[in-house]
Each structure stands twice: as structure tokens, then as C-alpha cells.
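Spelled out from the first residue to the last, the chains are:
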Amino acid sequence: MLKTQGLGYWYQDKDQPLFQDINLEFEVGQSCAILGHSGTGKTTFLSLIAGLDKPKEGDILLDDRSLKKIGLTNYRRHDVSIVFQAYNLFTYMSPLNNLLTAMAITGAEHAGDKDFALKTLNDLGISADLATRNVQHLSGGQQQRVAIARTMACDAQLVVADEPTGNLDEDNTKEVIEQFQRIAHDRQKCVIIVTHEPDVADQCDHQYRLENKQFTKLA
Amino acid sequence: MNFFKRAWLNVWAKKGRSVLLILVSSAILMFVLAGLLIRSAAVKATDQAKADVGATVTLSANRQAAFKKMQSSSSSSSKSSRPKMTLTPVKLSDATKIAKLSNISSYNVTSSTSVNAKSYDTVSTSSGLSGGNSGGPGGMKSSTSTGDTQIDGVTSTSLATDFSSKQSKITKGRGITTADKNTNHVVIEKDLASQNNLTVGDTITVKEATGSKDKVKLKIVGIYKASSTSSSSAGPMSTDPANTMYTSYTLANTFKGSKYAGTADSVTFNVSNPAKVSSVKTAGKKLINTSKYALSTDDSSYQTVKASMSNVKSFANKIVWLVAIAGTIILALIVILMIRERRFEIGVLLSLGEARWKIVAQFFTEMLMVIVVAVAIAGAGGKFVGNQLGSQLVSQSATTTQTTSTTGQPGGSGTPGGSGMKGGNGGPGNMGQSTNTKAAKTELDVSVSAVNLAELGGFGLAITFLSIMIASGGILRLEPKKVLIS
Ligand SMILES: Nc1ncnc2c1ncn2[C@@H]1O[C@H](COP(=O)(O)OP(=O)(O)OP(=O)(O)O)[C@@H](O)[C@H]1O
Ligand SMILES: [Mg+2]
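Line by line, the protein sequences give chains A and B. With our numbering applied, the first sequence has no gaps in its numbers, which climb one by one up to 219 at the end. With our numbering applied, the second sequence has no gaps in its numbers, which climb one by one up to 1486 at the end.
Hint data in this document are derived by calculation from the structure and do not stem from the laboratory. A quick note: this is a predicted structure, and the numbers were derived from the prediction, not measured. Check before you lean on any hint, since a few could be wrong.
Unchecked claim - As a list, the in silico DSS-like pairs of lysine-lysine whose alpha-carbon atoms are at most 27 Å apart:
| id | chain 1 | residue 1 | chain 2 | residue 2 |
| --- | --- | --- | --- | --- |
| 1 | B | Lys-1482 | A | Lys-114 |
| 2 | B | Lys-1100 | B | Lys-1181 |
| 3 | B | Lys-1482 | A | Lys-213 |
| 4 | B | Lys-1015 | A | Lys-114 |
| 5 | A | Lys-54 | B | Lys-1482 |
All chains, full assembly: derive it from the sequences and hints.
Spelled out as C-alpha cells, the structure:
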């Protein structure tokens, strides 16, 4: 479903790229973990496949169509959903409005459906009472579950997450990873998670390690 | 229209910030409104001055030419007898020609003389100059008359200056109208009527002061009340104002003598559009013999008010634009700071694939909500600021007018016979004086109208739009990756 072709990226110096000539393929219905030491370029790689930045070299294809052709804004709106370590919710809104806003912007099938949004939140353990409070009054774990609910409420086929469990305790981490597995397997989406934690990576269907400018498949 | 909902959620969630923005915007808009109010008040005052002063063109004898003629004849004649200034009465045929010019709404023929009381007693003034001669030596009247009753012949009393300026009022019966032409109808003063037990419908008898000295019966059709200060066109030596009667100008001409038929002392034309006065004057001059007659205008007080109001107006304009520009800059800076503070939120929106213009639209909507409330607040407060500023400005402009009018006035009426209307030697100083009081009295009526509010709304909208446009560069350039991945 998502393919990288000879992908390469560098910040300042072309002679010292973070990674080079990357050819990977990600499929729907599967989850994939990306591991690697700090500063190797995992987040940078994710930002490319999330359509937040353009590759310096090579191309990214979604169902054999180049992201350049699709257009990054269009791609972000319809094809990809991003979960960040810092949750990235609208701080001046309730969880419910966060979901409704994202659904409206992305033109999701259930856009405007309040009950659907509440149900999605409820499935992730955010009660109706919590759903109508300001998000800033929720705990970190709760906020990350809202961010995952937002991903679920939107129709994007590709879900990318950058250290989604980085700020969470063990119980919340387990819970969140289970949700990602469900998104991949039950909802038939393509999930790519960047993580530092081997326990988290072990839960995923595939694992890659970014090392020496290359991705190596672990399992 | 999701951005609209987001804007509302944001404004509502961040009430403190919204209130501060409303206060800043209100302050800016209040000054804009004050400027707008002063400007429209100045326009109103100028229009009012136009309406009050009206604009008239007067056809009268060419006093200056006559004076010159008198001087040359006095120098040539060795006799010690006092030279006589002869003024040619205005021909009514000339007047009808001028009246046909465009922009002339109406005209009033004035012909004054005096007669002697026969069947009644004149009102005597306390100064003891009772029933004596009126119209001092070298008075304004073209005919030398010596009667004790002043006869003011007019086309219609409503067009006569004393009545149109509301100094005199009809209290009983009616005034003289065009229908009274060639009749012996008369309007007398209230004091004279009560002293002689006269009322509407009564007949009085007068004796001509010149010519045939015939006795003439006059029928009273109306009684008027003259204000104490109102003195008819006669000079300071005149009799009590109560002894002035109004008749049709035809009757006054009859009293003067047969050679005065079809003439007048002066004819005053009312010009419907004050701006057209000078063009009417130019056109009228082509129709008359300018060596004998003069066409003069009296819009000096209008000009003075106009000048002082245009000062106020240009100052108000400057306030409006200065405040609007400064306000735009201030708001733009605030919005720029706000956008910087909300980079993260913008990044999230961009990561969701929101179009940049919709993010700009969200900020614009938020500011618009603030501005709508600010317009309402400024509308309530602007009147106060406008009143304060307005009275300040008027007193200031009145002083500037004073200096300009005393120096500028004589030049203004430099055309021959220009100031002839109110009797030759009125003097520039005098004129300056009277116009000053008028200008100083011009009060600015500062009130908030729907038009003002609409204008204010327009300015608010423009300021909001411009400041968002200036600040939106930050949104348009923002890269979501830089914000979201730090
Ligand atoms: N905007 C930037 N400009 C220049 N260099 C950058 C920029 N962003 C990141 N880098 C550098 O690129 C390298 C890779 O950064 P990246 O954030 O992708 O690493 P990462 O693998 O996600 O690390 P971590 O595990 O700590 O999150 C780092 O050395 C970083 O300093
Ligand atoms: Mg990272």
C-alpha cells in the first residue's frame, strides 16, 4: 500500500544524509514498529511518510501514486492520520470537539455525527462526562487515547505514530498498543509506530531498525 | 464552515484574551468614531449654515458708481451747495429677466419710502425723537422722504429679511403676498395697532410725504410683531420700529411718485443652491447695465462657517485616518503575537490537512467577533469622546476664523458694489465682527447615526482584514513539521 523508492533525506549536508536509498513497503492490516537510537532520523522518516515534509531524494508512493502527485495537504487530509508523543490536541476544545473538528476537516464518513464521536471515545475509555470537558483537564494517558480516537474517527488508511507511549506508564502503554493493534487488524489499516521500547515493538507484526542510514528488518 | 465553529470555540474558551482584544479594539474604534462624528457634524453644520444663511443675490443701484459721479460733479461745481448723490432705482424689467435664470427659487422686490400719519398716532420712542423725520441725512433710501411712518414695500412679507430671519412675526391676519400687488393692503405693527385700537379689517388714512401729498386710505390685512432689536433698513436715526408698515411694493412706488412705477430700491433673489451663487451673479450681470446697477451677493457668513468647518472636517479626516492606520498596525502586531503563540495549534490543523486559507479565515472570524462587540462599545462611548473633541475644535476654529475674517473679508468682497447690500459704509471691520459671532455660535451636533455606525463597522472590518492579512504571512509560511516535531 505505501512504498518508499530510493528515499533519502539530509538536513544541511548532502554528504551526510540521515538515511539513503530506502526501499520499504507497508501493507494494510499490519502494524510495523521502527526502532533505533536517538538522533538516527526516525522522526524525520516518519514526517516524510506523514506528508509533513518532502523527501530530498527518491519518492513515496501510495497505491502506486506519488505523494507529489496527490499533494501533501490533500494526502494529510484524506490518507494519513498522525499520533504524536505530545498528543497534539486542540487545547481549547473538549475531546468531543477535537474529534468533530478532525472529522470535519478530513471530510470523514461520519463527519458531524456527535454520537459516533462519543461512541468512539467511549470505546477508548473516555466517558461522556470526560468527553465534554476541556482536554487540558485530562491525564496524559487519557489525552493520548483521545488522539487515538481521533485517528479512529477519521477514515485515513495510514496511521503513523511517533513514540505514542513515550509519556505513558506501563498500563497505559499496554492499553494504547492494544488499540493500535486493533486499528491494524480489525479496521484493516496500515499502522507505523516509531518507538524506543522493545516491548512495544514486540507487539507489532513487523520491526525495523534504523541504523547506519539503512533500515534493517528484525522480524 | 468548520473554521467558524473553531473560531467561536476559541473566542469562548479564551474569554480573558477575548475581553482584552475587545478593549483594545474598542479604544481604537472609539477614536475612529470620534473622528467620523466630528466630520459628519462639520458637514451638518456647513449644511445648516447654508440653510440658515441661504444665499441671495441682490440687485440694487450701483452705489460706488453713483458716489464717484457725485464726487466728480462736486469738484467741477464751484458752488458750496452739498452735492447730491443720485441713485437710479432698479428697473423691475431687469429683475424679471434675472429671475428667469436657473437656480433662482424666488425673489423679493423692496421699495421703501415714508408717509405721514393722518388717522392715527405714531408710536413715539422714549428717546423723544417722536414722529419726527425718519431716515437721516444721506440715508439709505433712494427717495428722500420725511414722513413719520416708514413704508416697506415688498413682494411678500415672508420673503422679507426681517420675517425670513424670524425677527418679525405675523400675529394676526396675514402678511403681504403677491396677491396684494396693486392694492392698498397694509400690515402694521402690534404696538401701533393697540395704541390706536386698530385691528385687521380697519382702514387708516395716511398723507403722502412727497409729490402730490394726497390722502390715501389703507386697509389693514395683518398685524405683525417686531422684535425689539429689529430695526428696518433705516439708519440709526430712524423712528420707533413700530411705525414701520409693510405694503406691496407697488403701493410704496405710488407714494414715491409716478416716475417710480415699475422700479424698486432693490430686488433680492434667493438662490436655491448656495454653490451656484457666483455663477448666478455672473449670468445676471450680463443682463443689466452695470454702470448704473450692481448685483451683489451676501454669503459671507456662509463662507466663514464653511471655512471654519472645513478646517474641522480636515482635522477630523486626519484623526480618522491616523487612528485607522495606527489601529491597524496595533491590531496587526497583536495578531502576529497571537499567531506565534498559536503555532502549535496551526501545526495540528495543518497536520490534519486543513487548508491554509481556512486557518486564516478562522483568525479573521475570531477578530470579527471581537470587532462586532468593539463596534457596539465604541458606538456607546464614541459620542462622549466626539463631544469633548468637537467642542474643543469649534472653540479653536472660531479663534482662527476671527483672525482670518478680519483680514480676509475685505478682499473677499472686492467686486464693485460687493458690500453694497447693507448700505455702503458698513465697513469691513463691522462685517468681520458679525460673522465671527456666527462662526463661534456654530455648535457641532455630535450624535451617533446609523450611517456613522455603518461607517465605523466598515472601518472595523477594514482594520481587521488588513491586520489579519499582514499577520497571515506567519500562517502561510509555517511548516507543520517544525512546529510539531521539536
Ligand atoms: N530541523 C532540523 N534541522 C537540522 N537538523 C535537524 C533538524 N531536525 C532534526 N535534526 C537532526 O537530525 C537528526 C535526526 O533527528 P530525528 O528527530 O529524526 O531523530 P530521532 O531518530 O527521531 O531521534 P529521537 O529518538 O531522539 O526522537 C538529529 O541529529 C537532529 O539533530
Ligand atoms: Mg524522534
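Of all the hints numbered above, which does this structure not satisfy? Sort the numbers upward. Hint 1 is the one this structure does not satisfy, whereas the remaining hints hold.
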